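> Sequence lines, in order, name chains A and B. Under this note's numbering, the letters of the first sequence match residues 1 to 329, in that order. Under this note's numbering, the letters of the second sequence match residues 1 to 342, in that order.
You may find that some hints are simply not true.
Have a look at the derived ranges for each label pair, beta carbon to beta carbon [what the hints assert, rightly or not]:
#1 B:311 - A:181: 35 to 43 Å
#2 A:25 - B:87: 34 to 42 Å
#3 B:87 - A:321: 34 to 42 Å
#4 A:18 - B:201: 42 to 50 Å
#5 B:37 - A:317: 56 to 64 Å
#6 B:191 - A:18: 47 to 55 Å
#7 A:93 - B:87: 52 to 60 Å
#8 A:315 - B:204: 16 to 24 Å
#9 A:319 - B:187: 33 to 41 Å
#10 A:22 - B:246: 35 to 43 Å
#11 A:289 - B:34: 35 to 43 Å
#12 B:237 - A:159: 45 to 53 Å
#13 A:181 - B:318: 36 to 44 Å
#14 B:187 - A:11: 45 to 53 Å
Derived SDA-like pairs: lysine to any residue, alpha-carbon spacing no greater than 20 Å straight-line [unchecked claim]:
#15 A:88 - A:145
#16 A:65 - A:186
#17 A:144 - B:297
#18 B:86 - B:143
#19 B:86 - B:142
#20 B:313 - B:10
#21 B:117 - A:301
#22 B:117 - A:199
#23 B:117 - A:321
#24 A:88 - A:65
#25 B:313 - A:118
#26 A:312 - B:115
#27 A:144 - B:10
#28 A:209 - A:198
#29 A:312 - B:117
#30 B:313 - A:321
#31 A:312 - B:10
#32 A:65 - A:47
Derived from the structure by calculation, the hints contain no laboratory data. Quantities reported herein were computed from a predicted structural model and do not represent experimental measurements. Using N, Cα and C, we set each Cβ at its ideal position, and we do this for glycine too.
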Amino acid sequence: MQRSNVLYALIALGLILVFDFFFTPGFFTLEIKNGHLFGSLVDIVFRASPVMIMAVGMTLVIATKGIDISVGSVAAIAGALAAVLAAKAGAPLWLVVSAPLVLALVFGAWNGIMVALFGIQPIVATLILMVCGRGIAELITDGKVQTFTNPGLEFVGNGFFSGVPFFITVVLLVVLVTWLATRRTALGLFIESVGINARASTVTGLPTKLVTFSVYLATGLCAGLAGLFYSSEIKASDPSNAGLFTELDAILAVVIGGTSMDGGRFFLGGTLVGALVMQSLTTTILTFGVPVEGTLVLKAGVVFAICFLQSKEFRQGLFQLFVRTRKAS
Amino acid sequence: MNRIFNPRYISVYATIGVFLLLYISSGLAFPGFFGPEVFFNFFTDNAFLGIIAVGMTFVILTGGIDLSVGSMISLSGMMTATMVEKMGMPPLAVFPLVLLVGCLFGLGMGALIHFYKAPPFIVTLGGMFLARGIGQLISLQAIPIYNPFFTNFIGFGIPLPFGGTLTSLAIIFIVVFLAGLYLAHMTKFGRTVYAIGGSSVSAELMGLPVGRTKLLVYVLSGFCSALGGIVYTMYTSAAYGLAGLGVELDAIAAVVIGGTLITGGVGFVAGTLFGVLILGVIQSFITFQGSLSSWWTRIAIGLLLLGFILLQKLFSRIKVRAKEAPAANPGAVGSQGQARMS
Numbered sequence: 001m002q003r004s005n006v007l008y009a010l011i012a013l014g015l016i017l018v019f020d021f022f023f024t025p026g027f028f029t030l031e032i033k034n035g036h037l038f039g040s041l042v043d044i045v046f047r048a049s050p051v052m053i054m055a056v057g058m059t060l061v062i063a064t065k066g067i068d069i070s071v072g073s074v075a076a077i078a079g080a081l082a083a084v085l086a087a088k089a090g091a092p093l094w095l096v097v098s099a100p101l102v103l104a105l106v107f108g109a110w111n112g113i114m115v116a117l118f119g120i121q122p123i124v125a126t127l128i129l130m131v132c133g134r135g136i137a138e139l140i141t142d143g144k145v146q147t148f149t150n151p152g153l154e155f156v157g158n159g160f161f162s163g164v165p166f167f168i169t170v171v172l173l174v175v176l177v178t179w180l181a182t183r184r185t186a187l188g189l190f191i192e193s194v195g196i197n198a199r200a201s202t203v204t205g206l207p208t209k210l211v212t213f214s215v216y217l218a219t220g221l222c223a224g225l226a227g228l229f230y231s232s233e234i235k236a237s238d239p240s241n242a243g244l245f246t247e248l249d250a251i252l253a254v255v256i257g258g259t260s261m262d263g264g265r266f267f268l269g270g271t272l273v274g275a276l277v278m279q280s281l282t283t284t285i286l287t288f289g290v291p292v293e294g295t296l297v298l299k300a301g302v303v304f305a306i307c308f309l310q311s312k313e314f315r316q317g318l319f320q321l322f323v324r325t326r327k328a329s
Numbered sequence: 001m002n003r004i005f006n007p008r009y010i011s012v013y014a015t016i017g018v019f020l021l022l023y024i025s026s027g028l029a030f031p032g033f034f035g036p037e038v039f040f041n042f043f044t045d046n047a048f049l050g051i052i053a054v055g056m057t058f059v060i061l062t063g064g065i066d067l068s069v070g071s072m073i074s075l076s077g078m079m080t081a082t083m084v085e086k087m088g089m090p091p092l093a094v095f096p097l098v099l100l101v102g103c104l105f106g107l108g109m110g111a112l113i114h115f116y117k118a119p120p121f122i123v124t125l126g127g128m129f130l131a132r133g134i135g136q137l138i139s140l141q142a143i144p145i146y147n148p149f150f151t152n153f154i155g156f157g158i159p160l161p162f163g164g165t166l167t168s169l170a171i172i173f174i175v176v177f178l179a180g181l182y183l184a185h186m187t188k189f190g191r192t193v194y195a196i197g198g199s200s201v202s203a204e205l206m207g208l209p210v211g212r213t214k215l216l217v218y219v220l221s222g223f224c225s226a227l228g229g230i231v232y233t234m235y236t237s238a239a240y241g242l243a244g245l246g247v248e249l250d251a252i253a254a255v256v257i258g259g260t261l262i263t264g265g266v267g268f269v270a271g272t273l274f275g276v277l278i279l280g281v282i283q284s285f286i287t288f289q290g291s292l293s294s295w296w297t298r299i300a301i302g303l304l305l306l307g308f309i310l311l312q313k314l315f316s317r318i319k320v321r322a323k324e325a326p327a328a329n330p331g332a333v334g335s336q337g338q339a340r341m342s
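Chain A with its partners taken away, still in its complex shape (with noise of 0.2 Å):
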């Protein structure tokens, strides 16, 4: 039932490239510009990157019932640090690279303990950070927008590595990673029985806590590379714009690629065409002159067209009125 979930994120995916194919020229051309590669599909998955790495680390959490609304926030507050110590002269790369992701992993760390220790509900336990987070990156950069230049940093959002931008790069790794953590260990079994029913897991002998602390854990590095991108990308920090409203982009991306917000099974590769099927759909709007704001409810459309697809209420109802019409006719 849920695999059908992810089917349906192709087919959206699938549709709107059928629909790209005929109706916007040049689409699916990819051409060689001093050995890097070119063309709308490749700025499709570079722009959807970011939101794709959150989504990665999302994935997790829902699967396990929960819920990570600070991944913008603390987005924001690695990106800061990233661009205040880039400003700085002298400080080494391995510093300025790490020390966010650090400090991401710390506030990964402070979500994992409310929701696993303390027992709060993930979405008020992460709420504070989303609400005190974007506070705490102004902090950081004293409420100034922070340029850089640092070679090194302005790399990752826009370096190429084998043909392709390498931030790509860092999310297939990441993408690999967990595949490989989740799929060839039995720790994705955990996670999904955890979020089937924390107490039943906990009885059988699951070190349920350990397992909702390190995925909010793997959310916070997760979060920390997307805000090193955020930062790069513009060669700034933006403590109150960057990854303003991500977290939201990455849990659609989620709910998109068939994992129910009701906790359990999770579907990576789902997760991933789920943040595609945003991306394509917002830049075929733009490449057909659409202006912004006409995204927005596009979005909105996406997400009810979900909501209906996803439930079995609406199935069942729009199976009877199939049935009904058969018979009729």
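Since the structure of chain A is already known, use the hints to place chain B on it.
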């Protein structure tokens, strides 16, 4: 006496205590803070937030959430401004229309949540995108409002005998708050809201109109956010596409700080009022202080949220423990009911 010291009021008392603590310490720090002008400004400046938070309280009491309220501010503001300024419609004819749209918007989301069992978080997220998108489609530019009715309405206020004025916006807020109190505690609807938050299944089995109430709660929230949007538009004398960005977070924060459990079933509209006032005191404190940057507001709200959530957790643990002790006795009554809580 027992009524007053009922343990279920503890978190409301804590909220009031924090409010008094913040208010008195700010008053001692800054001369003039205790003046009635400042106090009544809390109501004027936070009227839109307070109105929205009252609606949000009902939604959260049923165990739901409404993320669309911030965007509704911009949508209803845009509709009001367009109809009044561009089409020249009389404001008194525009307001009912805008409020009706708010209600219908809430009804649509409620229907998706109730009939199609879609998660409230996702549905209202869609509502958030939709409302902001439509608002921006109406106009990307800010629309200033010059209509004399608006300026007269904002200028209206009842001067109070001991100083300060109760402005028209504050009056709207207080009326909505009183209506919320009445709805929550003196009507069948209010009791059903609490019952659904406690256990939707039990409420259904008791024969309560669960579906209708769930729909009405989102209608109420839609109404409140549309009204909040009108008040916000009056307050700023303009409508713009990015109005109310992030207000949904402030409203949820005010409700949670006010002692309402996000899982539903427990909480008070009165607590929400003090939650809103606490946010108001923090903002005024930062304005009075002058050198602190505005982002400290966010950090302070976050820390308060943390404090209240931990406090609630502590209380519920104590309560569970207190109930578990007699439940060990086989003769204890009602031990079945507590199985759900632990």
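> Each of the hints needs a verdict: does it hold here or not?
So, going through the hints one by one against the coordinates:
1. B:311 - A:181: 35 to 43 Å: Given range 35 to 43 Å: holds, Cβ gap about 37 Å.
2. A:25 - B:87: 34 to 42 Å: holds, 41 Å
3. B:87 - A:321: 34 to 42 Å: Given a distance of about 40 Å, which is inside 34 to 42 Å, the answer is holds.
4. A:18 - B:201: 42 to 50 Å: holds, 44 Å
5. B:37 - A:317: 56 to 64 Å: holds, 57 Å
6. B:191 - A:18: 47 to 55 Å: holds, 53 Å
7. A:93 - B:87: 52 to 60 Å: holds, 59 Å
8. A:315 - B:204: 16 to 24 Å: holds, 23 Å
9. A:319 - B:187: 33 to 41 Å: holds, 39 Å
10. A:22 - B:246: 35 to 43 Å: Once the Cβ atoms are compared, 40 Å apart, the range 35 to 43 Å for residue 246 (chain B) and residue 22 (chain A) holds.
11. A:289 - B:34: 35 to 43 Å: violated, 58 Å
12. B:237 - A:159: 45 to 53 Å: holds, 48 Å
13. A:181 - B:318: 36 to 44 Å: Because 39 Å falls inside the window, the suggested range holds.
14. B:187 - A:11: 45 to 53 Å: Holds - the Cβ-Cβ distance for residue 187 (chain B) and residue 11 (chain A), about 47 Å, lies within 45 to 53 Å.
15. A:88 - A:145: holds, 14 Å
16. A:65 - A:186: holds, 18 Å
17. A:144 - B:297: holds, 17 Å
18. B:86 - B:143: holds, 9 Å
19. B:86 - B:142: holds, 12 Å
20. B:313 - B:10: holds, 12 Å
21. B:117 - A:301: holds, 18 Å
22. B:117 - A:199: Violated, because 24 Å separates the two Cα atoms, which is more than 20 Å.
23. B:117 - A:321: holds, 19 Å
24. A:88 - A:65: Violated, at about 42 Å.
25. B:313 - A:118: holds, 8 Å
26. A:312 - B:115: holds, 10 Å
27. A:144 - B:10: The hint is violated at about 42 Å.
28. A:209 - A:198: holds, 9 Å
29. A:312 - B:117: With Cα atoms ~8 Å apart, residue 312 (chain A) and residue 117 (chain B) stay inside 20 Å; holds.
30. B:313 - A:321: violated, 47 Å
31. A:312 - B:10: violated, 41 Å
32. A:65 - A:47: Roughly 28 Å separates the two Cα atoms, so the pair is violated.
Comparing the model with each numbered hint stated earlier shows that hints 11, 22, 24, 27, 30, 31 and 32 do not hold.
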